[in-house]
Structures are given as C-alpha cells and as structure tokens.
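Chains R and C are the protein sequences, given in the same order. Position 213 of the first sequence, counting from 1, maps to 212 under numbering that gives the first Met the number 0, and the rest follow consecutively. Position 41 of the second sequence, counting from 1, maps to 40 under numbering that gives the first Met the number 0, and the rest follow consecutively.
The set of hints was computed from the structure by calculation and includes no laboratory data. You may find that some hints are simply not true.
Stated by the list, open to error - If you anchor each label on the Cβ, the simulated ranges turn out as follows: (1) R:Arg148 with C:Gln36: 22 to 28 Å; (2) R:Gly263 with C:Arg25: 35 to 41 Å; (3) R:Pro85 with C:Arg25: 44 to 50 Å; (4) R:Arg226 with C:Glu50: 29 to 35 Å; (5) R:Arg137 with C:Asp32: 22 to 28 Å; (6) C:Gly58 with R:Arg148: 23 to 29 Å; (7) R:Gln384 with C:Asp32: 46 to 52 Å; (8) C:Trp40 with R:Met0: 51 to 57 Å; (9) R:Asn108 with C:Ser68: 26 to 32 Å; (10) R:Glu204 with C:Gln36: 49 to 55 Å; (11) R:Gly223 with C:Cys61: 49 to 55 Å; (12) R:Pro308 with C:Asp32: 50 to 56 Å; (13) R:Arg164 with C:Cys7: 29 to 35 Å.
Since this is a predicted model, take the numbers as computed values, not measurements. Beta carbons are placed, not taken as given, at the ideal position from N, Cα and C, and that holds for glycine.
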Amino acid sequence: MRYSLLSLIREGLRRHRGWQPAWRDAAPKDAYDVIIIGGGGHGLATAYYLAKQHGITRVAVLEKNHIGSGNAGRNTTIIRSNYLQPGNIPFYELAMRHWESLERELNYNVMVSQRGIINTFHTDAQRDAYARRGNAMRLHGIDAELLDRDRLRRLLPMLDFDNARFPVQGGLLQARGGTARHDAVVWGYARAASALGVDIIQNCEVIGFTESGGHIAGVETTRGAIRAPKIAMAVAGNTCKVAALAGLRLPIESHVLQAFVTEGLKPFFPCVATFGAGHFYVSQSDKGGLVFGGDIDGYNSYAQRGNLPTVEDVCESGIALIPALGRIRMLRSWGGIMDMSMDGSPIIDRTARAGLYLNAGWCYGGFKATPASGLCFAHLLATDQLHEAAAAYRLDRFSTGALIDEKGAGAQPNLH
Amino acid sequence: MRIPCPFCGVRDLSEFSYLGAVTAARPDPRAADAESQFVDWVYLRTNPAGEHEEYWYHGFGCRSWLIVSRDTRTHVIATARSANRRVAP
Numbered sequence: 000m001r002y003s004l005l006s007l008i009r010e011g012l013r014r015h016r017g018w019q020p021a022w023r024d025a026a027p028k029d030a031y032d033v034i035i036i037g038g039g040g041h042g043l044a045t046a047y048y049l050a051k052q053h054g055i056t057r058v059a060v061l062e063k064n065h066i067g068s069g070n071a072g073r074n075t076t077i078i079r080s081n082y083l084q085p086g087n088i089p090f091y092e093l094a095m096r097h098w099e100s101l102e103r104e105l106n107y108n109v110m111v112s113q114r115g116i117i118n119t120f121h122t123d124a125q126r127d128a129y130a131r132r133g134n135a136m137r138l139h140g141i142d143a144e145l146l147d148r149d150r151l152r153r154l155l156p157m158l159d160f161d162n163a164r165f166p167v168q169g170g171l172l173q174a175r176g177g178t179a180r181h182d183a184v185v186w187g188y189a190r191a192a193s194a195l196g197v198d199i200i201q202n203c204e205v206i207g208f209t210e211s212g213g214h215i216a217g218v219e220t221t222r223g224a225i226r227a228p229k230i231a232m233a234v235a236g237n238t239c240k241v242a243a244l245a246g247l248r249l250p251i252e253s254h255v256l257q258a259f260v261t262e263g264l265k266p267f268f269p270c271v272a273t274f275g276a277g278h279f280y281v282s283q284s285d286k287g288g289l290v291f292g293g294d295i296d297g298y299n300s301y302a303q304r305g306n307l308p309t310v311e312d313v314c315e316s317g318i319a320l321i322p323a324l325g326r327i328r329m330l331r332s333w334g335g336i337m338d339m340s341m342d343g344s345p346i347i348d349r350t351a352r353a354g355l356y357l358n359a360g361w362c363y364g365g366f367k368a369t370p371a372s373g374l375c376f377a378h379l380l381a382t383d384q385l386h387e388a389a390a391a392y393r394l395d396r397f398s399t400g401a402l403i404d405e406k407g408a409g410a411q412p413n414l415h
Numbered sequence: 000m001r002i003p004c005p006f007c008g009v010r011d012l013s014e015f016s017y018l019g020a021v022t023a024a025r026p027d028p029r030a031a032d033a034e035s036q037f038v039d040w041v042y043l044r045t046n047p048a049g050e051h052e053e054y055w056y057h058g059f060g061c062r063s064w065l066i067v068s069r070d071t072r073t074h075v076i077a078t079a080r081s082a083n084r085r086v087a088p
C-alpha cells in the first residue's frame, strides 16, 4: 500500500521529500483499445473500471485541460441516493455503495463523509410526497427516515421553522448521504487507473473524428491523431460540441450552474440540507465554508460563469431556509456547464455512429453518480451490453417515450 | 448580462425570461415521417458554442417577445429584435 500510516510517518521523518507523482502524465501513443474523451471523474472512473474489472488496459483518457478542471472541480460535492423512479434508484444506490468503499478500493483518501442529507418539506402534500419517496427507497433497501418538526429542530436548530410563507414541517433524512472531496475523487481514480496501465493525457483536445468504413475509428487531437476501435465521450457540458464533430445532434442543452462558498466558520451545519420550497442545497466543508448552490441560470451557456439575478435568487432561498446566512459573507462563486438532458436523467449508451459511445446528460447530478457512471460505462464499452443498473439510460428513450420522470423538467427553464 | 430591448433600451437580465433556441417551424403532422420529425423538433438540440439565436420575453418591461443573438461562450449580445414579424427590425 502506497498510502498508509506507516508511509506517512516515514515521509514525515524525511520531510516529505520522497513522495512520487500520483499518476503518469503520459504522451499519446498511436493506437489504443479504448479512448475516453474527458478527464473528469466519470472519464477516469470509466478508465479505472475498464482496467480493473474488464482487463482492458490499453486505454487513453484525453483531457483538453488538466484532469478534474471541469465540473469535477466545480460541484457542491454531495453524494446521495434518495431517488424515486425505478430507473434511477438502483443506479444511484450502486454509486452510493461504491462511495462507501471507495477509499479502500483506491487506497486514496477521498474524504467520504456520511453526514446525512435532509430534504425539508413545507406542506402536507409535500410531506406525503416525501413519505412516498422514502418508502420507495426503503423497498429497495436504501435507508430513509421521515423526520417530524421536533426531531428536525433538534438536528438543525438554525432553520427558519416559523417562516411565514414556508414553515418547515419536517424533512426526509438519508443518513448514508453526505459529501466527498471532489478533487480527491479525480486524483484517486487517476492514480488507480494509471497504476493499471491507463494513459492519462492532459492538454490534449479532440478536434475531430477519423472514420474507417463508416465506423468512427479514431480522434484528431491537438497532439496528433490517435486510433481506437471504441471512443467514449464523457465530456459533460461540452457533449454537443464533441458530438457535432461526429455529425450528431443530441437531446442535450448546455446551461451554467453557479455554486458558492462563504468564509470559513466553526462547525455550524452538521449535514447536507436541501430546501423543499425553493432550489437550494448547502453543506459545510471541512475548511469551514458553507458550500451551496441553487438553480441553473436558465439560458444556454458555455461560459463557466453566471449572472447576478441567479446569485440573488439562490441567496434569497438560502436565507429563507437559514436566516443566519444573512450574517455570513460570501467568499467566492463559480459556474460549471451542465449537460441538461431533456428529461433530467442521464444517458449511458451507444450512439448512431458505430464505435462512438456516450455518457452524458447528468444535469445537476453528475458528481454523486461518478462510481456507478464509471462502472456502467466501462461495462458498456467492454461488453457492448447496457449494465443492468443503467438499463433505463438509453439514448432512444426520447423517441420510444420511455422517459424517466424523476425531475422531468430537463433543460426547459420555464418548467423549473 | 443586459439585453438591449428594441423598445425599452438596455435593460437588466432580471426583467426577462428565456424560452430557448429559435428553431425550425413545427413539422407538418401529416408528413409521412412526422413521428421522427417531431422527435427531432421536440428533443434534439444544436446547442452551439458560439452564436445562438434565442427567444426572450420582456415580462417586466414592454412584454414583447424578442429574438436575441448571443454568444454562448461569452454572453455578449450582438443583436436583439422583435420576434413579431409585423414589427420592422
């Protein structure tokens, strides 16, 4: 084991001069068995599970910038599996189970903290809807607990229980939910994949596809052409841009989602909470800052930064739930580009172009899905069969009508 | 982001709401391949990184529908004109 208490003590005595880079910064070779476009959490997890579970190690991960510089480094780090729909529950629970063992699996501290996630409810109808959600989760063996007002007040006394417009009546708790360190997830998967022989190639942007006999047979990149019989896209907000290079149009729009962090505080907020009467979610990072976010800005964007009306809206929602937020200064805000699918659920499938595979449409929820996304995408790439946990994430569901009605709003801003 | 409304002048984003891309006309439901045409029309997007023609509604102003040409990489707005074909651009 490279990282252990023993190695930490040994390096501590040597003033930490002996640590080696965690992964190889590889140069591109001419050909691979699989090329994965996108060196974020999903792409690197896919590479890791391809090598680990399917023995496919001639794999390249191409990243146009440095790994984890897209949405993997821009999210609010929440992990959970409190879903309602049949297509989603098994998938996100698969992810949750892998989060629980990820540190042992990767020998890397990804700081998984199962501090619990609470969705507050504010009306009788909403309580019934959350009770139904909790029951659906428990029927699938996932923990869920409906907290009444008094129990919630003991856990989160800082909520505005007597808000005149949205009094807090209680919450749905998933105790196994929580947060993980987003950068460490990227680094952990990169290190583990690299150790198994995967080439991680940074500063290598895909600028075109090469064909052979009607099949996609390789990519043109800023660092030269690379051949592979299977090309996998895991590029989140840039999905339509890359797909257009292969002549594809997809049921995806790119939208900017902003996130925020406040100045550091002493331990104040013990779990993750989401506001049931608006769109707001918050947790406290280990550094002490409150990390929070809300809705997408609501117009197509690739700009990785948003606008002020959304900042105001998110902060208003936050203060409606936690009035004390009004006394805290916001330190930073940033934006990530979401691949908003038209039904709000992801796609892990083949495309109309033979040899090209798609992993996209994660909307707000990509980070928590990382392990399961990698597992299911690797399974698809290795076997050409959909993984049973991701069987509903077909690309053709938009024409067959088998949409997943989890959030249902997709990218359409007037439905949010 | 501020949108130069052709009727009200340059106004703050918060006065507007967004509908989406200015797309091709609704397909003919009597066409032989109407089903696949409707799937394309309802679900598929070009979603370009660059110039994007889109509908905005000036709800807290003149209540006009506008067609705005905006760069999705920078949010810079090139033009904004009325979506009403009877209004001269």
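Outcome of the hint check:
no.	hint	in the structure
1	R:Arg148 with C:Gln36: 22 to 28 Å	violated (52 Å)
2	R:Gly263 with C:Arg25: 35 to 41 Å	violated (53 Å)
3	R:Pro85 with C:Arg25: 44 to 50 Å	violated (33 Å)
4	R:Arg226 with C:Glu50: 29 to 35 Å	holds (34 Å)
5	R:Arg137 with C:Asp32: 22 to 28 Å	violated (46 Å)
6	C:Gly58 with R:Arg148: 23 to 29 Å	violated (37 Å)
7	R:Gln384 with C:Asp32: 46 to 52 Å	violated (30 Å)
8	C:Trp40 with R:Met0: 51 to 57 Å	holds (56 Å)
9	R:Asn108 with C:Ser68: 26 to 32 Å	violated (48 Å)
10	R:Glu204 with C:Gln36: 49 to 55 Å	violated (34 Å)
11	R:Gly223 with C:Cys61: 49 to 55 Å	holds (54 Å)
12	R:Pro308 with C:Asp32: 50 to 56 Å	violated (41 Å)
13	R:Arg164 with C:Cys7: 29 to 35 Å	holds (31 Å)
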